[in-house]
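K.L.:
Sequence lines, in order, name chains E and Y. Numbering that gives the first Met the number 0 numbers the first residue of the first sequence as 0 and each following residue consecutively. Numbering that gives the first Met the number 0 numbers the first residue of the second sequence as 0 and each following residue consecutively.
Bear in mind the hints are in silico, worked out from the structure with no lab data behind them. Fair warning: there could be bad hints in the mix.
[What the hints assert, rightly or not] 20 Å max Cα-Cα, derived EDC-like pairs, lysine to aspartate or glutamate: (1) Y/200 with E/359; (2) E/288 with Y/198; (3) Y/200 with E/392.
Remember, predicted model here, so these are calculated numbers, not experimental data.
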Amino acid sequence: MTRALITGNQAAAWGARLARADYMPAFPITPQTEIIETLAGWIDSGEMDCRMVMMESEHSMITAAGAAAATGVRVFTATSSQGLMYAMEMIYGVPGMRAPFVLVNVSRGLQTPVTLEPDHTDVLAARDSGFLQIHCATCQEVLDQTLIAYRLAEHHRVRLPVIVNLDGFYLSFTREPVEIPDPAAVDRFLPGFDPETTRFRAGEPLSQGVVVLGSTPYSYFRYETHLAALQGLPAYAEIAADFAAQFGREYGALETYRSDDAEWVLFIMGSFATKAKDAVDRMREAGWKVGLVRPRLLRPFPDEPLRQVLAGKRGVAVVDQNLSMGKGGVLHSELASVLYGQLDAPPILASFIGGLGGRDIAPEEFYEMIQVLHRAAEEGKPPPPRLLFTGDELREVRKLQAIAHAERTEGLK
Amino acid sequence: MYRIRFHGRGGQGTKTASRMLGTAFFLAGYQVQDAPRYGAERRGAPIFAYVRAAKEAIHERGVIREPNLVVVADDSLVPVPAAGVLQGATARSVMLISSSESAATWRDRLNFPGTVLTLPAEASEQAELCFVGAACTGAAARLLGVIPRAILEAAVREELSALGEDIIRRNLEQALAAFDCMEPHAGSVNEGVAFSVADAKAPDWIDLPVDESDAAAAAIHASATSVEVRTGLWRVLRPVIDYDRCNRCWWVCSEFCPDSAIKVDADGRPEIDYDHCKGCMICVAQCPPHAIAAVPEQEFSEKTP
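Construct all of the structure, not just a fragment, from the sequences and the given hints.
P.N.:
The following block contains the structure:
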């Protein structure tokens, strides 16, 4: 075991290296490129035995990843944002092949307008695809979850590809101390890929991505993929327990922080959750009974564990670092569907949209969210959804618009 | 927790400087977080990088809102609003500027609420621009007062290990000289405090109005706006044509210029548009008769203050 200061991107690369990935189709995109650069460096120097192929697009990259996984080799690949969008046809296509592999997504907001900075709208577009999703909050978690993701993807009852998500900039380019496990220890946790019957060969032909005529077989195959995804929940629990036993780091489907005796809970996904943890500590110092719950697994969604940890709470502030146009925060809807109708569900479930395009969330904003819950509970009235956006920010936009207006009217002369 | 922010321009080793300091903290037994922030990566453009260090686990992320130490590797960044050099500085902040001007001048000019120190010319004069970062790291390490000289040396070696002994030696000279010259101010940077609930002001959240779609579309209506952006300000080296050596080939420098900042007239005489030349030095490298020299911008700014 080595303890090193590495970025989230390097941590993902270490995950692929320690998993002994055999094949890596690749395509560069900011802020993910450092992952494939790091792996390419190791392959070039002979430190890693892997076949890397630069594809002409992410669409081809995901196709190649699925096809290679169908031959029974261990596959790693990575993308981000618009790259994930470009691959989307195949993101929805490959899970039904039931050929497991790991895709690391480095979250970055989607256009328009274009940004380089993170939010989760990109990876949530893959939410209904059949890929399982694990979301990370630290660089250590990126490495560890990449290893766990292979066990999950390759689990006998699952056999689906898995996305490991990390936030651009806040993790991808941020160095933190990371324990890099010994290869031998990883080999014990994650033995070589047993492809079972997944072993396409030239001499044993197989057709994948086939057509079915009629809704009966279609419904059957689609629902089977869903059932397999649901099997991911018990499988994940078993694998995370194995990981904790071997490496001492606990990765439940939910991270709970000071939430056992909390009356008010912040619900937030990804690296901003560590900022929320800090805020929880400050609020606890002030005597507020606040805790945090963070989903690590987004697919399958940990319905029952969430009902348990949130039972009896007075209010939950859901912070969505994403935006579903015409609806609002995706996690808010997901959590509402889990809690609705439960007799001991929190009466207040407030929606906050924040961190879009990497916009910072200040400590006082977390404090205010809890105040909003308080007031809502007192008034017995659910609060409307709230975008984290201040008067100063609007003034900044208005200034830019004033310049744009001047340029535009000048242009009409 | 220590919160340190480095400001510089692409190519001055600002990210490397933050990493050398991060590694030094790490080797000194601290929990560390370091990260660079930039838009599109390019030479000469303003970038900043930050380092957090604490004895306990670090949960804070993203930009630093109240820096304990601001290190400015390039004093031409101070008046650039987008660089945000003064962002979040308080009476408890220390600012270190690599500059040939005095600390008193900067203090008066900026009305800085905290302490201003300069990394004096003696320490950085002979330094080529790319070593400024190392000097800044050395000075910062001494100002923090918790990083021993030997650990600074080990951190510089570790961060630059892939670059060979000569580069390491030259960076070390800069880092250690700056470390030594900051001796009178050793330990003058204090750790910051947590943002307590009691001190917090409620955020000024507003409800966004529904704007007309033409205003709310992310479009740029004016034409040729890139001409207005004087990217020449990013330059740290200026290409200067020696017309006695220029053989009027009429195309090599202008063709290779990625910014179309070199025009050639009917006689084949090239002219560089310094408002838009970013100083990439591709023309310097490509010119067949070696008629273009790379001259530090500093030499021009000294002549015309």
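K.L.:
Work down the list of hints and note, for each, if the structure agrees.
P.N.:
How the hints compare with the structure:
1. Y/200 with E/359: Holds. Residue 200 of chain Y to residue 359 of chain E sits at ~16 Å (cutoff 20 Å).
2. E/288 with Y/198: holds, 19 Å
3. Y/200 with E/392: Since the Cα atoms of residue 200 of chain Y and residue 392 of chain E sit roughly 16 Å apart, the hinted pair holds (cutoff 20 Å).
Figure legend: structure checked against the earlier numbered hints; every hint is met.
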